[in-house]
Every structure is written in structure tokens, then in C-alpha cells.
Amino acid sequence: MGWFSLFAFLIALGAGAFVGFRLYQRGLLTPVPRRTLHDMIRNIEPFTDIQIPAGKGPFPAVILLHGCGGIRPNMAVFAKLATDLGVMAIVPDSNSFRGIGYEEALETVCTGAKLRASERAGDLHAALEIARQHPLANASQIVIAGWSHGGWTALEALALDQAGMPPASLDQLPPNGLEGVKAIFAMYPYSGFPARSRRMPWRTDIPVESLLVRGDTICDDLESVEVFNRQIKWGADVKWRYVERATHAFDEPDHHPTSSLVYDPERAKIAHTAFQAFLKRYLDLRQDSAD
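In this note's numbering, the protein residues as written are 1 to 291.
Source of the hints: derived by calculation from the structure; they are not laboratory data. Be careful, since some hints might not be right.
[To be verified] Distance ranges between label pairs, derived from CB positions:
no., residue 1, residue 2, range
1, Pro-31, Ala-54, 43 to 49 Å
2, Gly-215, Pro-265, 19 to 25 Å
3, Ser-96, Ser-259, 28 to 34 Å
4, Gly-164, Asp-237, 19 to 25 Å
5, Thr-36, Lys-269, 41 to 47 Å
6, Leu-136, Leu-261, 20 to 26 Å
7, Pro-73, Thr-36, 29 to 35 Å
Computed from a predicted structure; not experimentally measured. Each residue gets a CB set at the ideal place from its N, CA and C atoms; glycine is no exception.
My request is simple: use the sequences and hints to build the entire structure.
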């Protein structure tokens, strides 16, 4: 090997090491630990908020999956919208469970460096099992609602379940899978690379409804429409509508001071109405929630 070739080799080796170090710093090379479902439930349950409606039950349930920044004030709003209709709200905090704070989440989870949907789908399965085991929940009446990263997670779970593949965080696909899930509500979901929905079909027996933001600069709405149309060709039941003249996460009232996202209380009402209409469509709300 000549001096020039050796020098080029060392430069390439150094560049590769630097890139590898940066990827490691951002969490992209950190292996995802695989847990049993029982272990996942045991670990995430202390970080799961459960809001129970007034009345005797059993109650239908909705799993609320927060966006990449973690639990934000809008989760409490939607939980209240659910309990007002007699629906139990189950809200797992996937970030706090892993010790990820808000600032770190914005730098890592929101950039795809940590906690991608294939891993977080394990949290969803744990939340579903928490719902099934709750004495006041109707295990046959469950829906899932996800915001942004949470919407990606819900749709990822649909694709993984259809393929018989476990989430990246679980040692096997849970035997109950998505049993009892009646539908999914996806608020401005992420549908870009590496979302499996781009290339893998969903289960076709679980309808999906989505609320998209026209011209979304965070989660490209056109990518979601492309995915939705592809899934429809594969037999899925998918419906969506647009919110106009809004930013991503328009229903979240407490954005980071440096964020370009804007809370819009009037358009948030559109999301609130759509969410409650979704619950009424897919859940049996005939149970009287009053004592």
C-alpha cells in the first residue's frame, strides 16, 4: 500500500469512527432491550395515568399515546373529553418511563434518534393489557388515539401485528395482540421513513381515522395520504380529513418557547369534536355512567 493509499485509508477510518461516535451519542446505535410483556407492564405501569369516569362500569377504554415531547397539557384535555362520555382514559408516559425529559425528547425522540415507533409499540401492547386487566374496563371495547409520534406508534403496531412480528422492545408478539381494539384515531401521524406503514399492510379489521394538517412541516401530510391510499388498496378501512391554516400540534397549548408551532384554540375544538365523534362511532356508550 502506497503512502497516498494509506493516508486515504486512515482518513476514511477516522471519518467512519467520527460518524459512528456521533450516531452513538444520538442513540442510533444503542440496542433496544427486549422485555417480556409482563416485564414491560411492570415497568410502565407506574408511569401510566388512568382516568375513570363516574359510575359503576364496566367502561370502554381509550389508550392515549402522546407525541414525541412526552405528556403535554393536551393529554389531560382529551382524557377529560373521554371520561365525559363514560370512557376510561389510559395514558402511558413512554418518555418518563425511560427517563427522557422534555428537552432531551425534543433533541432525540422528535428527531428519530431514540424511541422509534417499532420500540414504542411494546408500550402500547402493555397499555392494552393494563386495560384488559383493569376491573372497571370492558376489554372488548378499546380504541387507540395517538398524536404525531403516538399516531406513528399506533399504525406501526397495526403493521407489525398483521405481519406477526413483535415490537422491537418485546421478546415476542403478545398472544392477545390487538384483541378488543375497535379502531384507531391518528392525529397528524408521522408516516415518513422508517415507518413500516409505507411498505407493510395493516390489519384490515381495525378501522383508522385521521386528522391531518394541510402543509404540515413536521409530519408531512402528503406522505400520510400516500400511505393511507396504499393501505386502502391493500384492503384497510381508512378515512381522514384536513384541518386548514394550522400548524402541527395545533391542539397543544404549551409549546417550547423556541418552537414555530402555534396553539390554535378554535381549531383545537375541531380536534376535540372529531375525537368525541370517533369515540361515539366505535365504542358502545350505552352504559350509564351516572350512579
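Which of the stated hints cannot be reconciled with the structure, identified by number in ascending sequence? 3, 6
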